[in-house]
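**Student:** With the hints as a guide, bring the two chains together.
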Amino acid sequence: MSVHLDHIFESPLRGLSHEGDISIHDLTNRHRWGLRGQGAAEALRIQGWDLPEQPNRLVASINQSFVMALSQREFWVLDPHNDAADLAMGNDFTTDAYPLFCQSSHAWLVLKGSETSALMAKLCSVDLRPDAFNLGDVAQTQMALINCIVVRHDLAGDDVFSIFVDQSYAEYALEALLDARQEFL
Amino acid sequence: MKRVKNAHFGQWIDPSQTIQFTFEGGLVQGVEGDTVASALLANGQWVQSRSFKYHRPRGPLTLCGYDANTLVQTPVAPNLLADRLPAEDHLAVTAQNYTGSLHFDLSRLLDWFGRFLPVGFYYKAFFKPRGIWAWWEPIVRKTAGLGISNLSVKAPYNDKTYAFADVAVIGAGPAGLNAALLAANAGAQVTLVEQEPRLGGSMNYHAFEGNYETTKSARDALVAAIEAHENIDVLCSSTCNAWFGDHYLPIIQKSRLIKLRAKQTILTTGSSEQHVVFRNNDLPGVVMCSALDRLMRLYGVVPSAPVVVLAGNDLAYRTAFSSQDGGANVAAIVDLRTTYNDPALSDEAKRRGIALFQGCGIYEATQGLFSHGLSQVDVHKLDERGEVAEKLVSIDCGLLAMSAGFMPSYQLACQAGAVLSYDDSTSQFQLSNLPQGMHLAGSVNSVFSLDLVEADGRNAARQALSNLGIAPDSETGSAEDVNFTEQVNHPWPFLKHPKGREFVDFDEDLQIKDIINAARMGYRDIQLVKRFSTVGMGPSQGRHSALPTARLVAKTTDRTVHETGVTTARPPLMPEPLGLLAGRRFHPLRRTPLHHRHIGLGAQMTPAGSWQRPAYYGDPVQRTACIQAEVRAVRQGVGIIDVSTLGGIELRGSDAPEFMNRLYTFGFVKQPIGKTRYAVLTNEQGVVADDGVAARLGEYHYYVTATSSGVDRVYRDMLRWNAQWRLDLDIANVTSAFSAINVAGPLSRQVIESVDCSVDLSAQHFPYLAYQEASVAGIPARMMRVGFVGELGYELHVPSPLMGELWDRLLTSGKAHGIRPFGVEAQRLLRLEKGHIIIGQDTDGMTQPDEVSLRWAISSKKPFFVGSKSVDILSKSPLERQLVGFELGATSPQPKEGHLVIRNGHIVGSVTSCEYSPTLNKIIGLAYVHPEDAVPGTTVVIRTDDAVHAHARVVKTPFYDPDNLRQAL
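Protein sequences appear in the order of chains A and B. The first sequence runs contiguously to residue 170 in our numbering. The second sequence runs contiguously to residue 972 in our numbering.
Chain B extracted, bound-state conformation (with noise of 0.2 angstroms):
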């Protein structure tokens, strides 16, 4: 291989700026612009990995990242295409999937034994004798890999964005330049979108009309004017991976996805080359005619060795002509067919003295003797029936670029619900069925000439245009005509060898025979036949096998092709890393006013649904000291705790009190202004729901707490109830409007005097579950006198701004008492001492009132409330569990949340909640167990860790304070 650079070969090079990576361990040297594919082809090397089934060597095919050929590994990543990856120095590039090494990968002996190796061999074995997979897994695992996930890698920065347009042209080839030119001059927005980092498509590497000179002007006009325009967004090195309803289409640019939302969708995706089918097709150095074009005028990297086209339509006469313009040695032209479209071809031909075989095909390639490339070609006549005939020559060659025709990038069509029809006469495809605001226009609508593609893209546009209701003007113009008569698919590109290897899909290494078997072997559906030979499962989605195998299948069932039809295609178009689809990592996290307070005074913090909450505070290391030492705080002296996650519910208006009765279980519309009640939520099925507590501010003001997990979902069932009641109220959800405090303990009361409490806190004036509004600390509070954790406590709602101060203020003044933060731990501890229960972590969404006992918190006056009717029937069934409090011993083993409850053998309840109580010196917990086992007194069986049965007494509760005394104090 030789390097070439100047106006029409090596156009996106840059020669004097060069490039070192490795492949394999070894130095690559490249330029600025190459692919490591190209960089590697430039210094000879054409084996780049091996196939999937057969471990084959392989190498590029198309050049573009359309075939699974060029699959590479970097310690970042496996899977990637090498003639997609830039390279970049330092880059360390190895091949994957192989056993040794690429060149002598000892995996190779399965191609000697394929012949044990049928189509859908794997149905058919592995799992007999019974087992026996569990021995065949790993082996099939390491021989089928495709590379390596590195799982130490840190994960790439991948992010999404969203985008709009009025007209979303996938593909800047000439039918897309053109429509995108044509849709923005009318004034329309415009997102093109090019896989390949510039834009032209075909227009960057084909000569069309044979006059490379014309296309690249053409191309840099239209390409200057897109790139100054300012209706046109364009997305380069950019794939639109999938097609979704209502023209949204994901873009994957890089390390971003990009969702699209377009108004409508012109697909100018062109079409796929492809291949012929004969003995060896797979070798490296036999390519498609668009690869050829790609690597010499993309790349500029021009064969030393002979090169031979294979041609199955004028196109490839192009490719010959222009590789023999860069300097590459072009041996002969075999042609499949016995007549052209344009017969001055083979006066070119014979003009530039290459060897042209006329109705003849390629019957067999072989390998160099010590490489793995392409050396030699066998030219075979072909028959009137297009079978092969008598040998005429074998070529000396290292290169063979081959064109059985193309087949539209059809995929995006089809996944929008398109139809891809297939005309037997003239072996073209056409696409219809397209849904509202789909277009298509050049070689994905069969269009190939230069001229004719523009003019499609410009109708498209057009189209487009009308469906925006934006008129056609002088800058639209009318449509143009577009009619094509031009044959480019030859119509039996197969050339089937007694000792096979002629791949119809080079993913899967499926040949001829495996085809035609799948079909003899009754799959005659194409999906099924699909499903039995993976055939088009493999990386390149059936970009090249399915016409071929559809035309085997055809033939083996005697069927045409349209009758027969293509495999269905779903997205993505292209593999796409499961990172993107992941893209930034967005952990909304729910933090209180007092958050950096806690931090600074050493908590460590624990996620509580979206909140962070402070779970103790202290040195990990001491963890279970610095809890005890919080509770003793607390039940010795004064505790604060910052509860703001709890949440908030206003309820306001005339008939806030009727709806407080009928959503909650117990009876409101009596409850006294400036008193607080436990509130408890039932859902419809009669399932304790939630919980808080309902403090009456006025004849028509309610302030309901809510679990911190439960408001939201609380919030919105009041909203839903509310709806379909019509009652006259306003609901706000204010649990970021308040937050609150719990100040708790026998010294509590001394602690909010001290900083200016505008209220008499006595027990005369203040008693348990009052409520008042005051002014602490000159801070406005909605004050309860609650008991979770069992102890005298108040809990001081403010408006959340301004509740930093008024901790500091506590904090300080409660110094002289020995006022000290306690976090969740300790609540929990603190509250299961006093036997009280947490909704969600002793409840289920199974639970009923009875289970827990909370009858005396159902109103049996009221004629309603949501869930009453179910709790009433609920009610009359025997219980089928109960929870209870238990203790044990405290060196018995611990029970945690979730071991199992046994009687009799059979499980019959759970552990809820389970503590060791330095208060009480013994493990107390909350269990659901048999309701004949409830009666305090009974022992019940939990089985703990390593199947330690743990016998646990059932207790009465609270387990401490049994008689209420402190919380009232």
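Just chain A, same shape as in the assembly (with noise of 0.2 angstroms):
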């Protein structure tokens, strides 16, 4: 179960955007929400989600959401359309299926652009060029020595790179994809 909030969440990064030819947009207070146990892909399912056939996948799903496998028993429904509007406090849960709560762990960034992955090469070890790290593939890895995942997927027509990381890490992330780049301004 979720608490329905009146509250205007607050992103430690402000919700701004950072445009250029790469361009960082903060998608921290957008809706998220997630379930892990043996019985979380059947609770989706039973919720009419489409789910990735493998781990470290996103695939798109009902209502311009995408549901992202991080193992064969934990997902995250990412909508980038709407604000949060409500979050788990994680009480209720079954004992096959634990709500989550990237909704407050993590902060959301999006990085939007044609360079994006050389930027991140300087951030990342991972290969995150188009031709290796296709559409829909997530990487749980570390960028500039903090822990991320990272994902390629289309929003509204744009080729993007999305890149959860703990809130708490959120403006030194930003910080250190800003100093990433300025040299393809």
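Source of the hints: derived by calculation from the structure; they are not laboratory data. You may find that some hints are simply not true.
In the DMTMM-like style, the derived pairs of lysine to aspartate or glutamate whose C-alpha atoms are separated by at most 20 angstroms in a straight line are [unchecked claim]:
(1) B:K163 / A:D112
(2) B:K678 / A:D77
(3) B:K257 / A:D164
(4) A:K97 / A:E38
(5) B:K502 / B:E390
(6) B:K262 / A:E168
(7) B:K262 / B:D249
(8) B:K163 / B:E579
(9) B:K266 / A:D112
(10) B:K5 / B:D249
(11) B:K262 / A:E100
(12) A:K97 / A:D11
(13) B:K163 / A:E4
(14) A:K97 / A:D139
(15) B:K262 / A:D112
(16) B:K163 / A:E100
(17) B:K257 / A:E168
(18) B:K899 / B:D949
(19) B:K558 / B:D386
(20) B:K157 / A:D164
Here the structure is a predicted model, which is why all the values come from computation and not from measurement.
**Tutor:** Below you can see the structure in the form of structure tokens.
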């Protein structure tokens, strides 16, 4: 169960966008939720969500949302078009499907532009070039020495990277991205 | 020297764009495209450095950064290679390693006393009499200095990037260009790495088959095709500085380190031209043939003085002819051999009017009377054994170009495990035992003529493609024959002189006799010769000295060169700045959601692990007053502190109680829902590893806090243990999902009530150590009544995105009650007054529960918890130390953390926490003492600053509110 809120969520990045040939957008306040556990996949299917066939993949699903599989038993539902209006407190669970706290725990950054792979190559050791990292691929890796999840996907017709980092590192991650972006401006 | 710029000479320069920089304070004019070295040479400045040991004047030898003769300094960095350093306007370049001036170096005296500095002298000197090294050290360091680091310079911006390729081609000469093109045409993603600023390698400066026009045309066609190819990533001015496992290649490109992961590596690294070893072969003006080719073809600098070419192979003739074509006066070719591979070369020399001395060598080069440069060479006949015979003639000249052959640039291959072998009959090298996926082509593979080099490059690409599973087609073609018979290496290019100074290693000033003496002293193994003599240890890393050293050792020890071998090649290939390895300075910083609010309130932030936390709020000048005011606020009114850095772990599932019971020392199965319990974690050695508060939210639901610095380890340990226990639960690290504040002080209840709290906060309904879920200011909160600071207090854990709003509401409503934010400093003092320990500060990696009086937190009824066996064993042994509270008068010297506790002259413990308490008006602290001194009332001695002994009284904790009445209000 999630709690409905009238409050405006506060993003550590204040929802700002940094425009340029490579633009960086803060989607931290956009809605997302997740489930983990033996029965997580089944619970999502029952609700009508399309699931990736393999871990570390993302697929487009209903309501212009995406479902990202971080393992066989862990899924995040990402809704990039709507702000969060409720969040999980973690109390209401079944013993095979536990709600996750990804709305509160992680910041969500989106990188858009033609040189995003080159920019990310300055921060992340995974080969994120389009030939090697296809649309829908997910990497649970590190960026500038912090843990992150990097996803390549289509967003309103644009080929983008979504990057999820621990919200306490959000400003640091943004600073690292902006610094790496300098040469592409 | 004069400048030439036409279709064949001065390829890389633009004479219409002049550049001015200074060298040793004097103005130097160069042109666009120059390096510092080429600009200096164009201005007749041959002396560019002083040698390492004898301080002999030195000038460029290779003009490609393969020697230490051009080490110069700029205000930013020492030890830069002038032949790689682009000339730029306003650049201030100085020479290095001299006393006085570059031209009048007082340390040159060392050259005259060279006989007292034999090989390995430093192993036999400087250590007797005892202590003399202290006298020698500054002298040796100054004399052997290689430049001065400017410690005040701002560190340059270095960064790193990762790259990937199907095929990495290292070296963009004819072999590399052909390999890259063929591989890319077949569909492979290729990264082509070239040290020079432009592609082409030797095709830029060497007239293959004597025809520069055709060489240049072939190069231009290849370069154009490569630059237009979308499958090829070209990295110029880039050095592949090592080879690591699975083709992991660190590539230095200016201030960037590129970490390239390739599937296949083709080494087309070329070869290093070798020098002839004769007396004074280090004089400025004595260069490699390829260096003269580069000087003229790339930079358009043509010698005005006569040129002599000392040939050990046919290729040197091409240099002589090219030089003449460029306008130089080639006085003679002195050929060490009696026969050539190509007889037409002698006819060509005659036709050009160049004197030819066959079967001869240069016995000695002579320095000019008023200059440091070359002025004359003595040509001697060589007998049939190659030994020096009668003198034929002295030739006046200003430049001597020499070539004794070529040694493969074997370093990267050998780093990968390849074996370099030498054929004593042909004087050729061969690399074998290459690792999977590595291929060689071109002169590194001992192939030298252009058509064969190109074919060799294509063959290497075919092999790489085959390994990649790309089937051969019409584009790739089939393997070409590469049969090579031309001998380019002279077998014995040594002309020993009784007066010495025939340099084998220019970097280390090692002569023929040094190497021979090292071998005669018993260092037969080439590796031992290297260590004893330091041959090959200089910046050139043996590029020129490895082969002559091997030959000399082989001859001295009556072995073949093949048997002797060469020294090991290790990374890095070229000197690399440490800043480049460090790269960008990533310092991951964690900020709580309230970070900017703290700044706005005047907080002085302090690092706490990777977190930033407020130390206190206010002016640093009034630090103590600020902290004391914060303490007073909590003791007398109400304070609020951001504790979002506390670790938080969520345990959910039917086995959550069992898991808690196994992991923590207390009993948790029967912990009531809605209650918190102190949770201590010991490791398998029985050491106190972490602590926190466990709240039971439901039958199968716990929320456990952990120390800020320990939560990641605790979480990891939980996952590890559950991987073994296979219990049914979910473990989630929710440290960032929930942020927390602690509202503490006698008025804390009123403050929370004032923001509309959904639960009854009275002591009756919400007693000490209770847990409640509530809505505070409309925000869902997990509330705990805990008392870390010893006052009535509530810890509120809320979803991080909502913490800012809650903080604002509490501060606004709390104004009426005098609420004041407090920082880590006040919190430390407040908890110390309560005698609460901080894991990691008051404990160390050996602390067992009994030492810190935590026996009460260990369940004696449980059959097991992590570390239980060790704790049992430890508890049966007498304690060696015990943590106690101590106090001192307010005016006593104040001990600091780490100060020692002394008992009968022996160290028995140390202070872990100590503060002045304004509440108690005394100094209080925690310290490990001898167990016999742990009785309250005992006096212990603490050694404070300046060895002042403070006599502290052991007291019972808590220091403040001993009956714990205030926190239970």
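**Student:** Looking back at the hints listed earlier, which ones does the structure fail to meet?
**Tutor:** Numbers 4, 10, 13, in rising order.
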